[in-house]
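Engineer: The chain contents come next:
2 protein chains.
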Amino acid sequence: MSTYMTRLEDRIRLRGTSALVGLDPRWDQLPSEIRNGNEAPEPGQIAKAFCRFCCEIVDIVSPLVPAVKPQVAFFEQLGPTGIAALHQIMEYARQQQLIVIADAKRGDIGSTAAGYADAWLDGTSSKAAFPSDALTVNPYLGDDTLQPFVETAVRRNAGIYVLVRTSNPGAGAFQNRRTGNTTVFEAVADTVQELNVIHRGDSQWGPVGAVVGATWPQEMAALRARMPNTPFLVPGYGSQGGTAADVAAAFGPCHGGALINSSRAINFAWRRPKWKDQFGEENWRDAVRASTQEMIADLDSI
Amino acid sequence: MSTYMTRLEDRIRLRGTSALVGLDPRWDQLPSEIRNGNEAPEPGQIAKAFCRFCCEIVDIVSPLVPAVKPQVAFFEQLGPTGIAALHQIMEYARQQQLIVIADAKRGDIGSTAAGYADAWLDGTSSKAAFPSDALTVNPYLGDDTLQPFVETAVRRNAGIYVLVRTSNPGAGAFQNRRTGNTTVFEAVADTVQELNVIHRGDSQWGPVGAVVGATWPQEMAALRARMPNTPFLVPGYGSQGGTAADVAAAFGPCHGGALINSSRAINFAWRRPKWKDQFGEENWRDAVRASTQEMIADLDSI
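Chains D and R, in that order, give the protein sequences.
The numbering of the first sequence is the numbering used here, which starts it at 1037 and goes up by one.
The numbering of the second sequence is the numbering used here, which starts it at 1037 and goes up by one.
Possibly wrong hints are sitting among the right ones.
Since the list gives no way to pick one copy over another, a pair counts as held whenever it fits inside one copy or between any two copies.
[Unchecked claim] Below, a list of computed lysine to aspartate or glutamate pairs in the EDC-like style, where the Cα atoms sit at most 20 Å apart:
#1 K1310 with D1334
#2 K1163 with E1075
#3 K1312 with E1069
#4 K1312 with D1064
#5 K1084 with E1127
#6 K1163 with E1078
#7 K1163 with E1127
#8 K1163 with D1064
#9 K1084 with D1095
#10 K1312 with E1092
#11 K1310 with E1330
Hints are computed from structural coordinates only; laboratory data are not their basis.
Full structure from sequences and hints, please.
Structural biologist: In structure tokens, the structure reads:
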């Protein structure tokens, strides 16, 4: 059975891009065709619309990109029916040969962390509640709380992405605090890299990724150097302002070891002035395809 | 409509205790009566057993304590069917006059954080996907990411508990890092306290609580002094080794402003040698009641 990073790098090579498409459905931004004139929808109706919308996006992007990243919050917002829709979308995306990264930012202690890991790290095991290849993980509770995630990931050929340097404006409030010369996010980075040294075997890349925001380009190269065996997941490209130049340093040798994410700019591409004029709302699928291709071309220029 | 802390303090006064019962179901530890001889259960069967077990615990503890804290991880482990069971248990607990604190440790940026807040902070609004009075929140992503949770909590008379100092052995790995004289967890504490100064109005307690582990008693009094308007949620009592003496400093004036949590020691009380001998597995309900009463008496001794 192949490791998470073997499967991911295979898909990246096959598609020729490291573009990652986030699935971030929001009711009030869906095309009216999908909202179907419903003004006061029940959670179950929204969940069905999310399912249809995300599966259509999967259809459009699956020939183009290696992976998708559903944002769990928007499904939790609908309660149990939303979680059922999320499960269907994840399953469908895997059937369409996409790697699925659950963006749930889970984190807890001991056996509770093991519970989250069991829930969200399927890999090649068919044992998890949710069919994900990888999961985003929050390190605040401590290095010992990463262990259950790492163990489950290794056992099931899954991956995790630990939040190191997030893309939001206030990311530094706690992440930038410094002991001697080492900030909190650098300490997290060192922990992540150490875990990969232990678990990567003969591979360049271990199973423990790092989330590093595109909005801090001045730190990207230093973090890449600090974590030579750590795959990166880079949010903040596109809608949040990160450019191809900002993310260039995220890559390792031969353009490997990084996924660059775009969510809103692709999901709701037809709402952007540029594509709205060209396609109009009724052709929202073409706008999704065009904006994905635009991102791929942009990353290709690195 | 009453604020979260008004409702909680009313329940604490009515029950005469600050004991909080965690709901942490684990299949292999359930009484055999609840497992019903099932050796290879499907997720749906486990979910039904969790629902029955937790609702029975609610029946036992609702006349005794003010609040319960379901651990979301153990329900996520079962996928959509587990989340549906969690929803039922939360609803049932509120019907039984318990305050419900969802222990989900959510955290994300901007509109995604707003999504989690919308999902888990019901308060008195009847608008959330899950019927919770409060939610645990992870601050790693930064002070700006707490804002959507605080805004939703204020609007809906709900509460949040921000992880400040967790109870696990490795909690200090990142939380203890220091800038000048201020550790990361103290910086989080200061942020939390500032939010309460803004939002508490005329009340002693604001809507932004702090999770402070009972396993670090030497820091408890200092954190209480640092956050005079912040309600505490204290894990680590009981199974994790915290004693009544360790948690005494968590309280504010007149024994207010803190909830002390016990999960496993109550949920699986009949497995502890003491209660097993006295009651036996068939009388697991009596063991749950006895261990809850034991905790209440222990906290009463403070």
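Engineer: Give a verdict on every hint.
Structural biologist: Structure-based check of all given hints:
| no. | hint | result |
| --- | --- | --- |
| 1 | K1310 with D1334 | within (16 Å within a copy, 66 Å between copies) |
| 2 | K1163 with E1075 | between (39 Å within a copy, 17 Å between copies) |
| 3 | K1312 with E1069 | within (15 Å within a copy, 61 Å between copies) |
| 4 | K1312 with D1064 | within (17 Å within a copy, 55 Å between copies) |
| 5 | K1084 with E1127 | within (15 Å within a copy, 24 Å between copies) |
| 6 | K1163 with E1078 | between (32 Å within a copy, 12 Å between copies) |
| 7 | K1163 with E1127 | within (13 Å within a copy, 29 Å between copies) |
| 8 | K1163 with D1064 | between (35 Å within a copy, 17 Å between copies) |
| 9 | K1084 with D1095 | within (16 Å within a copy, 35 Å between copies) |
| 10 | K1312 with E1092 | within (19 Å within a copy, 55 Å between copies) |
| 11 | K1310 with E1330 | within (12 Å within a copy, 67 Å between copies) |
Of the numbered hints stated above, none is contradicted by the structure.
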